[in-house]
Amino acid sequence: MLFRSAHERATAAVQRWAKVLLASPEATRAQLAEIARAAERLESPALVPVLQELLSEDLARRKRAMEELMDARKNGRQIQNDAHMCWTLQYRSAFAAIGDDQTVRIMKSYLPDADFGIDAAYVLKAVWKKSQPAEDESGFISSWPDFSVVPEEYIKRQSGTEGETQAFVDDILAVINDLIKPRAEEVDYKHALKLATVAFSMPYVDKADTIASLLQLPLPTIDKQDLLTVLVLAGEAIPSDIVLQGIDELLEEAKTKPWMLQEQNGWRLNAWLRLLPFTERPGSILEVLDRLDGRRLKPWNLRELLSALSYAPSAEAESVLSELAKRDERFLSEYDWLAALTKRNTLAAARILLDLVCNGSIPSRGGRLDSLDFGKKLSAFMTSHEQFRQEVYERFPRVADSPAKSILEYAIANAANADGILLLVRVGAALDKRFRGSALYTALRHVLVGQTPIEPSGMQQLYSLPATELRKGLFDMVVNGNAAESRLAIECLTAIDEIRDDYGHVDTEPRHPNIAMGVPWPQIDLAEPT
Numbered sequence: 414m415l416f417r418s419a420h421e422r423a424t425a426a427v428q429r430w431a432k433v434l435l436a437s438p439e440a441t442r443a444q445l446a447e448i449a450r451a452a453e454r455l456e457s458p459a460l461v462p463v464l465q466e467l468l469s470e471d472l473a474r475r476k477r478a479m480e481e482l483m484d485a486r487k488n489g490r491q492i493q494n495d496a497h498m499c500w501t502l503q504y505r506s507a508f509a510a511i512g513d514d515q516t517v518r519i520m521k522s523y524l525p526d527a528d529f530g531i532d533a534a535y536v537l538k539a540v541w542k543k544s545q546p547a548e549d550e551s552g553f554i555s556s557w558p559d560f561s562v563v564p565e566e567y568i569k570r571q572s573g574t575e576g577e578t579q580a581f582v583d584d585i586l587a588v589i590n591d592l593i594k595p596r597a598e599e600v601d602y603k604h605a606l607k608l609a610t611v612a613f614s615m616p617y618v619d620k621a622d623t624i625a626s627l628l629q630l631p632l633p634t635i636d637k638q639d640l641l642t643v644l645v646l647a648g649e650a651i652p653s654d655i656v657l658q659g660i661d662e663l664l665e666e667a668k669t670k671p672w673m674l675q676e677q678n679g680w681r682l683n684a685w686l687r688l689l690p691f692t693e694r695p696g697s698i699l700e701v702l703d704r705l706d707g708r709r710l711k712p713w714n715l716r717e718l719l720s721a722l723s724y725a726p727s728a729e730a731e732s733v734l735s736e737l738a739k740r741d742e743r744f745l746s747e748y749d750w751l752a753a754l755t756k757r758n759t760l761a762a763a764r765i766l767l768d769l770v771c772n773g774s775i776p777s778r779g780g781r782l783d784s785l786d787f788g789k790k791l792s793a794f795m796t797s798h799e800q801f802r803q804e805v806y807e808r809f810p811r812v813a814d815s816p817a818k819s820i821l822e823y824a825i826a827n828a829a830n831a832d833g834i835l836l837l838v839r840v841g842a843a844l845d846k847r848f849r850g851s852a853l854y855t856a857l858r859h860v861l862v863g864q865t866p867i868e869p870s871g872m873q874q875l876y877s878l879p880a881t882e883l884r885k886g887l888f889d890m891v892v893n894g895n896a897a898e899s900r901l902a903i904e905c906l907t908a909i910d911e912i913r914d915d916y917g918h919v920d921t922e923p924r925h926p927n928i929a930m931g932v933p934w935p936q937i938d939l940a941e942p943t
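Heads up: the sequence shown at position 110 corresponds to 523 in this note's numbering, and the numbers run straight through without jumps.
Each hint should be verified, as a subset may be incorrect.
Pairwise CB distance ranges (calculated) [unchecked claim]: (1) 561 to 438: 48 to 54 angstroms; (2) 885 to 618: 53 to 59 angstroms; (3) 772 to 654: 35 to 41 angstroms; (4) 678 to 849: 20 to 26 angstroms; (5) 436 to 869: 54 to 60 angstroms; (6) 815 to 668: 46 to 52 angstroms; (7) 756 to 867: 25 to 31 angstroms; (8) 797 to 515: 17 to 23 angstroms; (9) 621 to 596: 22 to 28 angstroms; (10) 869 to 618: 40 to 46 angstroms.
Quick caveat, the hints were computed from the structure, so don't treat them as lab data. Computed from a predicted model, the values in this text were never measured in an experiment. Built from N, CA and C at the ideal position, the CB exists for glycine as well.
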């Protein structure tokens with residue numbers, strides 16, 4: 414009750430001050446905007462009428478200031494005024510914070526307005542956003558555009574499961590359709606495109622005709638770039654011709670303004686390149702890159718493109734990533750290239766990485782990436798794709814003893830199963846490897862020890878996993894394998910017993926690996942020092 418009384422008194426005070434400022438010819442637009450900031454904090458619906466008055470006054474004053482400035486320039490005079498100061502963000506934030514029905518009605522009426530229509534659309538979007546379930550706040554603010562949402566949105570749109578059109582979208586599109594009628598002016602077209610970037614960032618279905626009309630407007634392609642980006646984020650497949658047209662226009666303009674393509678201004682080109690992976694022809698990226706000079710082709714200048722390729726819906730993206738590495742081996746030292754390939758998490762991407770490793774194409778230690786980075790990525794692919802795991806197992810024995818073999822050994826150990834451990838034993842024995850210093854202990858621990866989080870501490874509880882078949886397989890090597898295999902197998906079985914001592918025995922697992930074979934265990938006399 415006390416809080417409500419204080420809130421009501423504060424609201425009344427803001428209303429009084431607003432009236433005083435509106436009546437004063439000496440009050441500045443900045444002072445009017447301070448009232449809007451106070452209204453944002455109070456979030457009181459009672460302040461909506463006075464906010465509307467303040468906004469109308471601000472827009473009228475700014476229009477007069479702009480006219481005075483233009484007239485002065487026309488007559489060769491210099492004047493100082495606040496024509497270039499824009500306070501619409503303060504009013505937008507205040508209306509969005511309140512967001513009641515009267516605010517919605519007022520914002521709809523402002524949509525056609527060239528000075529506040531876009532802000533009004535953002536207020537409607539904020540009102541819609543408030544009605545949605547709260548999102549998990551991770552503490553990290555992702556930059557725009559965040560293409561990580563594209564794969565899910567693309568699947569929903571292609572399958573027709575995207576839901577229903579949000580009502581505000583139809584309200585905004587009704588204004589857009591009126592703005593783009595034949596014989597409309599360029600300013601109307603541009604306003605329509607900006608409104609569309611807000612509308613299509615909310616849920617919608619079956620708007621292909623409107624989208625096509627907007628993309629065909631007689632405007633420079635650069636004016637359509639933000640809309641194309643929003644459409645990508647909504648799961649649409651955008652046409653490559655319009656993106657290539659935008660790149661053509663940029664490159665043509667850069668002939669007389671070469672600074673536009675300098676490294677520090679690369680965002681202009683990158684904003685177009687990052688859209689190409691989401692067209693029907695991702696391979697056109699390579700055609701565009703063929704037209705650029707060497708400075709723009711440096712891998713670190715193409716990180717935004719690489720990130721976009723991570724989430725492209727077409728499988729052609731993997732071919733583009735592979736071709737980039739073939740053209741310039743510096744991509745193999747670029748983290749964003751490796752991240753793009755592995756984020757795709759497809760069998761084709763996994764095979765590209767495996768081929769590069771087996772062919773000895775990966776960079777040597779000392780760069781941004783080393784053999785461990787590639788080994789970890791191979792392990793992740795093996796965990797995700799059982800078929801790929803088998804392909805790695807098949808290729809591992811055939812690879813010569815080299816850095817490539819070490820990478821495969823690392824990958825197998827860190828994604829190990831029983832077959833992988835037996836393979837490591839056979840290959841290690843053939844190379845006369847010792848247990849100590851090999852990847853076998855890592856592989857055994859991966860198979861034998863599980864972990865589960867302890868809430869809320871964030872710590873992990875470790876526990877033993879059953880490995881009956883693995884122990885049988887190793888014991889078979891002890892009895893029937895050659896001397897080198899028998900030695901490594903004994904060391905593995907001994908290590909298993911030691912791991913069991915540390916993390917606990919499994920009740921369902923017999924003490925003897927395979928008592929039916931009639932051979933005693935442990936065979937201490939056969940074990941060699943490690």
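(message) Flag every earlier hint the structure violates by its number, smallest first.
(response) 4 and 8
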